[in-house]
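Chains as they are written, first to last, in our numbering: chain A, 5 to 207; chain B, 11 to 480.
It should be emphasised that the hints constitute simulated quantities derived from the structure, not laboratory data. One or more of the hints may lead you astray.
[Stated by the list, open to error] With a cut-off of at most 16 Å between alpha-carbon atoms, the simulated EDC-like pairs for lysine to aspartate or glutamate come out as follows: (1) K190(A) to E30(B); (2) K430(B) to E127(A); (3) K186(B) to D279(B); (4) K328(B) to D19(A); (5) K377(B) to D343(B); (6) K328(B) to E127(A); (7) K328(B) to E131(A); (8) K377(B) to D412(B); (9) K165(A) to E193(A); (10) K153(A) to D19(A); (11) K13(B) to D279(B); (12) K190(A) to E31(B); (13) K165(A) to E150(A); (14) K257(B) to D279(B); (15) K349(B) to E250(B); (16) K34(B) to E131(A); (17) K371(B) to E319(B); (18) K381(B) to E433(B).
[To be verified] Residues on chain A that point at chain B, a partial pick, calculated with CB under 10 Å: (19) M5; (20) L20; (21) D24; (22) T25; (23) F48; (24) C83; (25) P91; (26) S182; (27) F194.
[Stated by the list, open to error] Quick look at which bits of chain A chain B covers, simulated, 3 or more residues with Cβ under 8 Å: (28) 33-40; (29) 68-80; (30) 140-154; (31) 164-172.
C-beta: ideal position from N, C-alpha, C; glycine also.
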Amino acid sequence: MKPFKVEEGIVTLLDLPNVDTDQIIPKQFLKRIERSGFGPFLFFDWRFTKEGTLNPDFEMNAERYQGASILVTRANFGCGSSREHAPWSLLDYGFRCIIAPSFADIFYNNCFKNGILPVQLSETEIETLFNRVRETSGYTLRVDLEQEKITSDDGLCFEVKVTPFQRTCLLKGLDDISLTVAHEDKIKEFEANQMRVPPPLLK
Amino acid sequence: MIKNPKTMFEKIWAAHVVHEEPGKPSLIYIDRHLIHEVTSPQAFEGLRLAGRSVRRPELTFATMDHNVPTSDRSLPILDKTSARQMEALSENCRAFGVTLFDLSSPHQGIIHVISPDLGLTLPGLTVVCGDSHTSTHGAFGALAFGIGTSEVEHVLATQSLIQEKPKTFLIDINGKRPPGVEAKDLILSIIGQIGTGGGAGTVIEFAGEPIRSLSMEERMTVCNMSIEAGARAGMIAPDETTITFLKNRLYAPIDFDRAAEEWRTLPSDPGANFDQTTQIDATFLAPQVTWGTNPAQVVSVDAKVPSLEAFSDENDRKSAERALSYMGLHSGDPVESIKIDHVFIGSCTNARIEDLRRVAKFAKGKKVSSKVHAMVVPGSQAVKKLAEEEGIDRILKEAGFDWRESGCSMCLAMNPDVLKPGERCASTSNRNFEGRQGAGARTHLVSPVMAAAAAVEGHFVDIRQYDQVQ
Ligand code: SF4
Chain A
5 MKPFKVEEGI VTLLDLPNVD TDQIIPKQFL KRIERSGFGP FLFFDWRFTK
55 EGTLNPDFEM NAERYQGASI LVTRANFGCG SSREHAPWSL LDYGFRCIIA
105 PSFADIFYNN CFKNGILPVQ LSETEIETLF NRVRETSGYT LRVDLEQEKI
155 TSDDGLCFEV KVTPFQRTCL LKGLDDISLT VAHEDKIKEF EANQMRVPPP
205 LLK
Chain B
11 MIKNPKTMFE KIWAAHVVHE EPGKPSLIYI DRHLIHEVTS PQAFEGLRLA
61 GRSVRRPELT FATMDHNVPT SDRSLPILDK TSARQMEALS ENCRAFGVTL
111 FDLSSPHQGI IHVISPDLGL TLPGLTVVCG DSHTSTHGAF GALAFGIGTS
161 EVEHVLATQS LIQEKPKTFL IDINGKRPPG VEAKDLILSI IGQIGTGGGA
211 GTVIEFAGEP IRSLSMEERM TVCNMSIEAG ARAGMIAPDE TTITFLKNRL
261 YAPIDFDRAA EEWRTLPSDP GANFDQTTQI DATFLAPQVT WGTNPAQVVS
311 VDAKVPSLEA FSDENDRKSA ERALSYMGLH SGDPVESIKI DHVFIGSCTN
361 ARIEDLRRVA KFAKGKKVSS KVHAMVVPGS QAVKKLAEEE GIDRILKEAG
411 FDWRESGCSM CLAMNPDVLK PGERCASTSN RNFEGRQGAG ARTHLVSPVM
461 AAAAAVEGHF VDIRQYDQVQ
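Looking at chain A on its own, in the form it has when it is part of the complex (with noise of 0.2 Å):
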């Protein structure tokens, strides 16, 4: 997994609550077998038109948004399925931090394992981020994981809030299957208790 450290660069908008997983990727892009190459594909639905064009009425289209890296969006983003070719093909778009007033548990979860900055602030930081961000084009902001903070050339400065735990992974870009690997001690030693009383599972 690719570290996350600091992400300077260009602010997109999704003006919606409760964007789904389905809207993200739809259903007819998950039967890739690969991790890559699902960034075309990303909010297929609202993107393109009928006949393939890009949609002109979708404001994350607009050219003053191209080369973003980082979305701002609405409450509860990232809802439904657990489809980790949500933050798939967000990545492979090119975002590395989402911001919203709030996210759906498995797909913020998800996030971190893929590289991606998931971070949440209030619904007031989140208009002023939308009104910001419509006003000046080209809007950027910094968003640094080492200070736990983001900013921006007109003075704005939020708290990045996540778990010292979630910080390091990110950070280091750590595999968690490594982390667990090292503790294979303690995994057997469990095991074999479980063998001691053997509970209804193991025939």
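Got chain A; can you put chain B with the ligand on it based on the hints?
Leaving out everything else, chain B with the ligand in the frame of chain A:
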């Protein structure tokens, strides 16, 4: 009085902690790992790249359900990418020694239908699957939740998972569920009340007399949809109903009576403390119909599509406005006036044998409207076979229903069962998201009997008006 009373969740959690350190998430042991074709290929690929094996293949069970066609099984699968994904699962299960119930198996079906029916899901276990509706298995008093593909790989490699301990949420239901109001209506109405994010960060325990009186199938319907309230998991304490259901199942414990004794110790102790509690009165519940594009956008069948002014929250109003336009509905439309083109009876929410029995009981001697295509997709091959032994397929076919092979089918329309833009469907599944059943398609979530009644009438009807439910 018990000293230090514990919730059922706390008991199961404590029994599964492998390792914990202050300030860090816990490492917990996983008893059952369920796998399907869509969220597993990248996990197996990860194992291969790292040169790892599956730690406990005997605790890992796989089936193919999301992609499978529900038409004649003897025909080749036309969709090449779907076929490739299913082949990948077969190949991975072979290579890593995992039991697979494939298309030729009598046990194939939706993973959340087959695991309980096989007796793989048991009280007190931790159950995970790369699928959000893993919450279904909580109906047995198991701690069951959906995980992403990276976590699937983690469980394959280590049989454990790194987890922050969730909070607990007691939904205490009282009163008496009126006739015609099903488990589906109960959970839809709960989601309508607490919202799609109402259970975020928590494990919900459903309790109270109306829950105790539910069958296992009905309990699964309730827990299945706890994820639609944003909860990590939903649970119902095991009791004699649970134990009776599990007896004689294929994978049920050999020393069943001793296991059952242990299960009886699982329910939350009296006086146990929950982080959050809500009371719900079941007495005045009516059959529910969703009108919008998330499961919380729901009203009683005898109500009208709500007006935008009814939403005090800005986000909810925006959502509702967009949903109405997507659904092609107007505030004030009576729900019963909404005409439908399709009916889908299926999915891990409502495609178990009991669901099909109730649908058949209703449909007997009636006819599906000539304007409606109504399909019934049993949750598994075993459910299908049992239904056929009971003559359910015959009753339904005579009434004009399309009787299919098992799978997820039109719940998410990843297989060929897809609606066209603008088509409207009464569906017994769990998600009415935009495009869920096909780009531009409009989904209304209802109970199985409400779906069957809509199939017959061509529009939504209040099931309570039929004598037989009284
Ligand atoms: S039936 Fe629907 S919700 Fe259930 S597992 Fe299949 S796709 Fe998911």
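| query | When the nearest CB of chain B is found for F194(A), is that gap smaller than 10 Å? | reply | holds, 5 Å
| task | Quickly compare the C-alpha distance for K328(B) and D19(A) to 16 Å and report which way the hint goes. | result | Measuring from Cα to Cα gives roughly 10 Å; hence the hint holds.
| said: Just to be careful, I want the Cα atoms of K190(A) and E30(B) compared with a cutoff of 16 Å; is the pair within it? | reply: Roughly 10 Å between the alpha carbons, so the hint for K190(A) and E30(B) holds.
| Pairwise hint evaluation, E127(A) against K328(B), where the allowed Cα distance is 16 Å at most | holds, 15 Å
| task | With a cut-off of 10 Å on the beta carbons, see whether F48(A) makes it to chain B. | result | holds, 9 Å
| message | Less than 10 Å between beta-carbons is the criterion; does M5(A) satisfy it with respect to chain B? | response | holds, 9 Å
| field | Status of the P91(A) interface restraint (C-beta, 10 Å, chain B) | value | holds, 8 Å
| Is the straight-line distance between the alpha-carbon of K34(B) and that of E131(A) 16 Å or less? | Status violated; Cα separation ~32 Å.
| Pair hint K190(A) and E31(B), alpha-carbon separation not exceeding 16 Å | Given that 16 Å is the threshold and the Cα spacing comes to 13 Å, the pair holds.
| Per the coverage rule (Cβ-Cβ under 8 Å, at least three residues), is the region 164-172 of chain A covered by chain B? | Coverage by chain B holds here, the residue count being 3 at a Cβ distance below 8 Å.
| For the pair supplied as a hint, K377(B) and D343(B), is the alpha-carbon distance within the 16 Å limit? | Roughly 26 Å between the alpha carbons, so the hint for K377(B) and D343(B) is violated.
| Hinted pair K381(B) and E433(B), Cα distance within 16 Å | With Cα atoms ~12 Å apart, K381(B) and E433(B) stay inside 16 Å; holds.
Hint compliance for this structure: hints 2, 3, 5, 9, 10, 14, 15, 16, 17 and 30 are not met, and every other hint is.
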